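Asks: Spelled out from the first residue to the last, the chains are:
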Amino acid sequence: MAVRTLTRPIIYLILIALTLFYLMPVYVMLVTSFKPLQEVTLADMWKLPTTIDFSSYVTAFTRLAPNLMNSFYLVIPATILSALFGSLNGYVLSKWKFKGSDVLFTAILFGMFIPYQSILIPLIQFLREIGLYNSIAGLVFVHVVYGLPITTLMFRNFYASIPDSMIESAKIDGAGFLGIFRHIMFPLSITGFVVVGIWQFTNIWNEFLFAVTITTSAQQPVMVALQNLSGSQIVQWNVQMAGALLAALPTLLVYIFLGKFFVRGLLAGSVKG
Amino acid sequence: MEPARSSVDHSTETEYKVESEKKKKKKAVTKDHWMAVAFLAPSVILLGIFVYGFIGWTGFVSLSNWNTLVPDFSFAGIENYVNLFQDYRFQADLRNTLFFTLFFIGAVIVVGITLAILLDQKIRQESLFRNIFFFPMALSFVVTGVVWQWLLNPSTGVNLFLSKIGLESKWYTDTTIIPGVEWGKIEFGIPVALIAVVIAAVWQMTGFSVAMYLAGLRAIPEEVREAARMDGASEFMVYWKVVLPMLRPITISVVIIMAHISLKIFDLIYAMTGPGANYVTDVPGVYMFETTFRGNYYANGAAIAIIMLLSVAIFIVPYLISSRKGDA
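These protein sequences, in sequence, are chains E and Y.
Under my numbering, think of the first position of the first sequence as 1, with each following residue one higher.
Under my numbering, think of the first position of the second sequence as 1, with each following residue one higher.
It is possible that part of the hints are untrue.
[Stated by the list, open to error] With beta-carbon atoms standing in for the labels, derived distance ranges:
| id | chain 1 | residue 1 | chain 2 | residue 2 | range |
| --- | --- | --- | --- | --- | --- |
| 1 | Y | K122 | E | V235 | 43 to 53 Å |
| 2 | Y | W183 | E | A160 | 18 to 28 Å |
| 3 | E | S217 | Y | G77 | 32 to 42 Å |
| 4 | Y | F293 | E | A137 | 15 to 25 Å |
| 5 | E | G131 | Y | P221 | 35 to 45 Å |
| 6 | E | I190 | Y | P179 | 28 to 38 Å |
[Unchecked claim] With a straight-line Cα cutoff of 30 Å, these simulated DSBU-like cross-link-like pairs (lysine-lysine) come out:
| id | chain 1 | residue 1 | chain 2 | residue 2 |
| --- | --- | --- | --- | --- |
| 7 | Y | K325 | E | K99 |
| 8 | E | K171 | Y | K325 |
| 9 | Y | K31 | E | K171 |
| 10 | E | K99 | Y | K31 |
| 11 | Y | K241 | Y | K325 |
| 12 | E | K97 | Y | K31 |
| 13 | Y | K241 | Y | K122 |
| 14 | E | K47 | Y | K170 |
| 15 | E | K171 | E | K99 |
| 16 | Y | K170 | Y | K185 |
| 17 | Y | K241 | E | K97 |
| 18 | Y | K122 | E | K260 |
| 19 | E | K97 | E | K171 |
[Unchecked claim] Partial chain E-side listing against chain Y, Cβ under 10 Å, derived:
| id | residue |
| --- | --- |
| 20 | I14 |
| 21 | F54 |
| 22 | S101 |
| 23 | M223 |
If you're looking for bench data, these hints aren't it; they were derived computationally from the structure.
None of these values were measured; they are calculated from a predicted model.
Beta carbons are placed, not taken as given, at the ideal position from N, Cα and C, and that holds for glycine.
So that you can see chain E by itself, here it is in the shape it has in the complex:
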């Protein structure tokens, strides 16, 4: 039941005020990005542009396009691979438990909480040794490895909801480890793959620390390039804002169209099974 009628308008008032606060950065980002440089002044920050000017998008796009491509080359294989490994691990850890498997699972989970600074120095040494330093392939590898804990967790929790009786009866019918995975678990995992896929896509796309330490210039994903836009010269805020929007667009679109699954991933990431 809802709060009494008198308080209703107040509820809407608070919600609308907060909505405006949450949308404020979007508004400023949009109006700034459509302004020509001379209009991007301190005093006119909140004003709408006098004319719609796409030049900052052209500038931002020309500068970020290669890095946007890098991000796609990084995110697509890393997402697919980490989801596949995660589903297998989750399958084993939920349906083929063995002595110590729960302890092992906890040990795996710890990996998703560590500050990556604490593994960066050896990681970079290692990538140099095997010749993957400063390459997209190296970043893919890193994101697959450090994505394992979260994808394993998500799939384990997801598979926990598939009744064990199904597995049991499949076993009686003579299905083995792989058979059960292929014919029962995998077909039932579509939602799981969507949730995990969206989660990994968003996180890897947005990731910065690995990207900035493992790659330089030509190999950099878009977030590093965006950060570099401001470092380069006098800050052209209109180009900055256009760049920020371009860099955010893929994950924003995913959110707009598949937000439901994104939120499910969000909740799934808070451990609990």
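Here the structure of chain E is known, so what remains is to put chain Y in place on it, guided by the hints.
Replies: Leaving out everything else, chain Y in the frame of chain E:
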């Protein structure tokens, strides 16, 4: 259930028929069990090396003299740690992390609960509101940093409004520390500049707590609230005395998740303000990055990383252990 284990556990069963059936099952299961272990093994080995092994290696580096471009693994003892705690910048980092974490978690919880309760009042357009509060979660901290850097730019942005009502803020360029008591080498207190960063971080992360609390609220049966109302509790008291205590486990999760994000924060601050004048917005994550990869002080950077890891582990390890127990 686990077939292999249960068949072992019940092996005292006397009936012959049951026994033989179990034996047959156990034999079939064993092979598949080895398969299962074999499929899990690569991930376990990878994580063993890349998480635990590398942490050990970082710990080793932190005890070495490797503070130049050329690796030098001679033993330095705890010298790097001693130096850090006497370092002006690191002391400032500790202060900033403390206050950033407190304000950030506090705001995420208060705003999160408030919004979740408001959204749970059967309001119209609920999903629209929800989407607006959640969407920043899909953005990168770098994007948030870039946009808020412009929004809270001291000479523009929100200040144009604030100056009209007589308030002026230098936001992230303010070097004031409140109250600014002398402590070690630094002034201890709340760095005003941090507030700007907290606002941006809260803007980005409250979606998480709203989602968590909303899920929690939806899981509380309406009868519980109804019963409290029947006892004559006001709507406020229903929430204060009945609903909020029931949301406690969620609050614990939110605190821990936010604490670990806050303790290792790097990209938002790096993109938005950098270390700031007098290191008013510096954090260990930024210091570690700069000293290691810009300054080649590897041992120093490793020591910072280990301290970051320990601070996160204090929150995460008990959380993981307790949620495993709850799982069984």
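Asks: All hints, please: hold or fail.
Replies: Hint check:
1. The supplied range of 43 to 53 Å is met by Y/K122 and E/V235, whose beta-carbon atoms lie about 46 Å from each other.
2. Between Y/W183 and E/A160, the C-beta spacing of about 49 Å breaks the proposed range 18 to 28 Å.
3. One distance hint, 32 to 42 Å for the beta-carbon pair E/S217 and Y/G77, holds here, with the actual separation near 39 Å.
4. Between Y/F293 and E/A137 the C-beta distance comes to about 21 Å, which sits within the given range of 15 to 25 Å.
5. Checked against the hint of 35 to 45 Å, the C-beta distance between E/G131 and Y/P221 comes to roughly 59 Å, which is inconsistent with it.
6. Separation of E/I190 from Y/P179 is about 57 Å and departs from the stated range, judged on CB atoms against 28 to 38 Å.
7. Taking the CA atoms of Y/K325 and E/K99, the gap is near 15 Å; set against the 30 Å cutoff, the hint holds.
8. For the hint pairing E/K171 with Y/K325, the CA-to-CA distance comes to about 29 Å; that is within 30 Å, so the pair holds.
9. Pair hint Y/K31 plus E/K171 holds up; C-alpha atoms about 12 Å apart against a cutoff of 30 Å.
10. At roughly 15 Å between alpha-carbon atoms, E/K99 and Y/K31 fall within 30 Å of each other, so this suggested pair holds.
11. In summary, the hint linking Y/K241 to Y/K325 is supported, as the alpha carbons are separated by about 28 Å, within the 30 Å threshold.
12. For the suggested pair E/K97 and Y/K31, the alpha carbons sit about 14 Å apart, so the restraint of at most 30 Å is met.
13. For the hint pairing Y/K241 with Y/K122, the CA-to-CA distance comes to about 21 Å; that is within 30 Å, so the pair holds.
14. For the hint pairing E/K47 with Y/K170, the CA-to-CA distance comes to about 22 Å; that is within 30 Å, so the pair holds.
15. Between E/K171 and E/K99 the CA atoms are separated by roughly 20 Å; this keeps the pair inside 30 Å, and the hint holds.
16. A distance of roughly 24 Å separates the Cα atoms of Y/K170 and Y/K185; the hinted pair therefore holds under the 30 Å criterion.
17. Between Y/K241 and E/K97 the CA atoms are separated by roughly 41 Å; this puts the pair beyond 30 Å, and the hint is violated.
18. Using a Cα cut-off of 30 Å, the hinted pair Y/K122 and E/K260 holds, with the two alpha carbons roughly 19 Å apart.
19. About 15 Å separates the Cα atoms of E/K97 and E/K171, which keeps this hinted pair within 30 Å; it holds.
20. The beta carbon of E/I14 is positioned within 10 Å of a beta carbon in chain Y (closest approach about 6 Å), and the interface hint is therefore held.
21. Interface hint status for E/F54: violated, as the beta-carbon distance to the closest one in chain Y is roughly 19 Å, over 10 Å.
22. Contact between E/S101 and chain Y, as hinted, is supported at the beta carbon level, the nearest pair being about 8 Å apart and thus within 10 Å.
23. For E/M223, the suggested interface contact is upheld, since its CB lies about 5 Å from the closest CB of chain Y, less than 10 Å.
Consistency with the previously given hints fails for numbers 2, 5, 6, 17 and 21, ordered from lowest to highest.
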